[in-house]
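**Student:** Taking the hints into account, I'd like the entire structure generated from these sequences.
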Amino acid sequence: MWPTTFLPVANYALALASVVALGLPAKAQHEELKQNIEAFVTAKSERFEKKYLNEKAPQYGELNTTNHNFFDFFVLKALEKSTNSLGNNVKLKYDCSFYAYENATERDYAVSFWFKNFIEGIRITPGRELRTFKGAQPTIIIINADHICIISLSCFDNDPDLFYELRKDFFSFFGNEESMVIEINCSGPLRWTKNPPDPKDPKWRM
-10 MWPTTFLPVA
0 NYALALASVV
10 ALGLPAKAQH
20 EELKQNIEAF
30 VTAKSERFEK
40 KYLNEKAPQY
50 GELNTTNHNF
60 FDFFVLKALE
70 KSTNSLGNNV
80 KLKYDCSFYA
90 YENATERDYA
100 VSFWFKNFIE
110 GIRITPGREL
120 RTFKGAQPTI
130 IIINADHICI
140 ISLSCFDNDP
150 DLFYELRKDF
160 FSFFGNEESM
170 VIEINCSGPL
180 RWTKNPPDPK
190 DPKWRM
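Mapping the sequence shown onto the numbering used here, position 206 (from 1) lands on 195, and the numbers just tick up by one.
Please note: incorrect hints may appear among the correct ones.
[To be verified] Across the chosen pairs, the derived CB separations fall in these ranges: (1) V30 with V79: 16 to 26 Å; (2) T31 with P191: 39 to 49 Å; (3) E69 with A93: 33 to 43 Å; (4) N184 with T94: 15 to 25 Å; (5) A28 with T182: 16 to 26 Å; (6) P191 with A28: 31 to 41 Å; (7) R117 with N165: 21 to 31 Å; (8) E20 with T72: 34 to 44 Å; (9) S34 with P188: 39 to 49 Å.
[Said to hold, decoys possible] Within a straight-line C-alpha distance of at most 16 Å, the following computed EDC-like cross-link-like pairs (lysine to aspartate or glutamate) qualify: (10) K66 with D84; (11) K82 with D148; (12) K80 with E69; (13) K80 with E27; (14) K192 with D97; (15) K40 with D61; (16) K80 with E118; (17) K40 with D84; (18) K70 with E95; (19) K183 with E166; (20) K66 with E38; (21) K40 with E69; (22) K192 with E95; (23) K82 with E154; (24) K33 with D84; (25) K183 with E118; (26) K105 with E118; (27) K66 with E95; (28) K70 with E38; (29) K123 with E172; (30) K105 with E51; (31) K82 with E118; (32) K123 with E109; (33) K45 with D61; (34) K157 with E172; (35) K82 with E69; (36) K33 with E69; (37) K39 with E95; (38) K39 with E27; (39) K183 with E172; (40) K70 with E35.
Hints listed in this document are in silico derivations from the structure and should not be mistaken for laboratory results. Remember, it's a predicted structure, so these values are computed and weren't measured experimentally. Glycine is no exception: its CB is placed at the ideal position from the N, C-alpha and C atoms.
**Tutor:** Have a look at this one:
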C-alpha cells in the first residue's frame, strides 16, 4: 500500500539520504572478506586453480541453512598431480567455504544453531574437544565476528606437514587475534586451537 501522508520535499530528501547512507554499510560490510578471499586465491595461483563449475559445496551440518547474507564456495585444485595416501597420482583439492552474517548477533545465533547439528550431524559442546569424530575430513574452521571461513580436504590427501602449512596459510588471510579456531583431523580429534569459547556462556543456549 502506498503511504497516504508525504514528507515535505526537504525532509523527504533528508530521509532518503539517511536510507541510502544506512544501506551502504550493509552492502559493503563484507568487502574486506571478499578481498581476503581474492588475495588467498591469488597467493595460491602458482600451484592451484580456482574452480566453481561442476563443484558441489560440502554439507557442514546445519550451517548451510543459517541466515547468512553472503556465501561463497569454490575448490582450489592443484595444477600438478601428487601421490596420495593410497598411492594414487591425483590432483590435490581444497574445498573453501565462506559464510557471512549481518552482525555478530546473527553470527552467534548461527553458530549456536550449527553446534547442535554440526558436521556429520553430531552435536558439539563449545570449547570441548572430541577425541574421535567418525566420518570427519581434515578441516580448519575460523569463526570471526561476523563470518565463518572453512577449508577442508580428503583424508586420502592429508599428511601432517600439509595440514600444518594449510592451517598457517588459511589463518594468515582470514584469522585475527580474536578468531575462534577449530581444527579437525581425519576421524578426529576435534580441537579448539585458538580462543575456545566458554561452554557455560548463556549465548550458546540460544
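**Student:** Give a verdict on every hint.
**Tutor:** Evaluation of the provided hints:
1. V30 with V79: 16 to 26 Å: Cβ of V30 to Cβ of V79: about 21 Å, so the range 16 to 26 Å holds.
2. T31 with P191: 39 to 49 Å: holds (41 Å)
3. E69 with A93: 33 to 43 Å: With Cβ atoms ~41 Å apart, the hint holds.
4. N184 with T94: 15 to 25 Å: holds (18 Å)
5. A28 with T182: 16 to 26 Å: holds (23 Å)
6. P191 with A28: 31 to 41 Å: holds (37 Å)
7. R117 with N165: 21 to 31 Å: Holds, since R117 and N165 (Cβ atoms, about 23 Å apart) stay within the stated range.
8. E20 with T72: 34 to 44 Å: Taking Cβ atoms as reference, E20 and T72 lie about 40 Å apart, which means the hint holds.
9. S34 with P188: 39 to 49 Å: About 40 Å separates the Cβ atoms of S34 and P188, which means 39 to 49 Å holds.
10. K66 with D84: Judged against 16 Å, a Cα distance of about 9 Å means the pair holds.
11. K82 with D148: This hinted pair holds, its Cα atoms lying about 13 Å apart.
12. K80 with E69: Holds, because 6 Å separates the two Cα atoms, which is no more than 16 Å.
13. K80 with E27: violated (22 Å)
14. K192 with D97: holds (7 Å)
15. K40 with D61: Status holds; Cα separation ~12 Å.
16. K80 with E118: Violated, at roughly 32 Å.
17. K40 with D84: holds (10 Å)
18. K70 with E95: Distance ~41 Å between K70 and E95 Cα, so the pair is violated.
19. K183 with E166: holds (9 Å)
20. K66 with E38: Between K66 and E38 the Cα gap is close to 5 Å, so the pair holds against 16 Å.
21. K40 with E69: holds (15 Å)
22. K192 with E95: holds (11 Å)
23. K82 with E154: holds (14 Å)
24. K33 with D84: holds (13 Å)
25. K183 with E118: holds (12 Å)
26. K105 with E118: holds (15 Å)
27. K66 with E95: Roughly 32 Å separates the two Cα atoms, so the pair is violated.
28. K70 with E38: Holds. K70 to E38 sits at ~13 Å (cutoff 16 Å).
29. K123 with E172: holds (15 Å)
30. K105 with E51: Given that 16 Å is the threshold and the Cα spacing comes to 8 Å, the pair holds.
31. K82 with E118: violated (27 Å)
32. K123 with E109: With a Cα-Cα distance of about 8 Å, the restraint between K123 and E109 holds, given a limit of 16 Å.
33. K45 with D61: holds (12 Å)
34. K157 with E172: holds (12 Å)
35. K82 with E69: Within the cut-off at roughly 11 Å; holds.
36. K33 with E69: holds (13 Å)
37. K39 with E95: Violated - the C-alpha atoms of E95 and K39 are around 29 Å apart, more than 16 Å.
38. K39 with E27: holds (10 Å)
39. K183 with E172: Status holds; Cα separation ~9 Å.
40. K70 with E35: Holds, because 14 Å separates the two Cα atoms, which is no more than 16 Å.
In this structure, the hints that do not hold are numbers 13, 16, 18, 27, 31 and 37, in rising order.
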